[in-house]
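> With the sequences and hints as input, model every part of the structure.
Number of protein chains: 2
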Amino acid sequence: MLPLERHVFVCENRRDPADPRGCCASKGSHEIRSRLKELAHRAGLKGRVRINEAGCLDQCARGVTVVVYPEAVWYGAVTLQDVEEIFQSHVLEGRPVDRLRIDP
Amino acid sequence: MLPLERHVFVCENRRDPADPRGCCASKGSHEIRSRLKELAHRAGLKGRVRINEAGCLDQCARGVTVVVYPEAVWYGAVTLQDVEEIFQSHVLEGRPVDRLRIDP
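For the record, the sequence lines run as chains A and B.
Sequential numbering of the first sequence, starting at 14, is according to the numbering used here.
Sequential numbering of the second sequence, starting at 14, is according to the numbering used here.
Hints listed in this document are in silico derivations from the structure and should not be mistaken for laboratory results.
It does not matter which identical chain is meant; a pair holds if it fits inside one copy or across any two.
Here are the simulated EDC-like pairs of lysine to aspartate or glutamate, each with C-alpha atoms no more than 20 Å apart in a straight line:
hint, residue 1, residue 2
1, Lys50, Glu106
2, Lys50, Asp71
3, Lys50, Glu18
4, Lys59, Asp71
Written out as structure tokens, the structure is:
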């Protein structure tokens with residue numbers, strides 16, 4: 014067996030709109046996951062990279078939250094504009110994107 | 014920062030009941046995740062261990078599927094009866110439960 018080279022989890026938790034923390038779903042996490050999946054598919058990474066939905070990663074106010082294993086790197090306030098950089102630098106080349114890292 | 018000691022993902026994907034693969038949701042994954050969360054809470058592991066819902070882990074016929082990081086260990090056909098062993102042996106003591114491991 015070859016383990017996954019990267020296993021990416023994108024929080025898609027949805028909270029009540031009145032919750033002051035907000036939530037990843039309301040900040041576009043579904044679109045972010047879709048774009049990551051599309052990039053992985055185009056790069057022919059099936060079986061080597063997996064992009065998964067995750068439940069609440071408990072960083073609601075700092076979402077959209079993305080976690081990448083095996084490096085256990087957490088990203089916060091991720092927007093659709095950040096996705097290509099995360100994909101190219103971290104998922105493909107193994108270099109985490111420091112400017113987006115958070116300490117969970 | 015201290016990284017999570019264990020980050021556990023339980024697939025809760027639900028497929029059409031007519032799908033011959035079945036799905037983790039129909040095999041009790043929600044109850045499995047709830048039990049893992051309860052055990053982690055009782056053990057006082059908040060901030061050290063996180064139990065998360067995951068979207069489809071692409072092992073539908075072999076579900077319930079559970080993945081544990083940072084070891085990147087995949088478990089298949091997990092039942093509620095297996096949860097305490099996974100928790101005690103792997104989550105707490107760092108020894109994966111070989112009899113339940115699958116090769117994704």
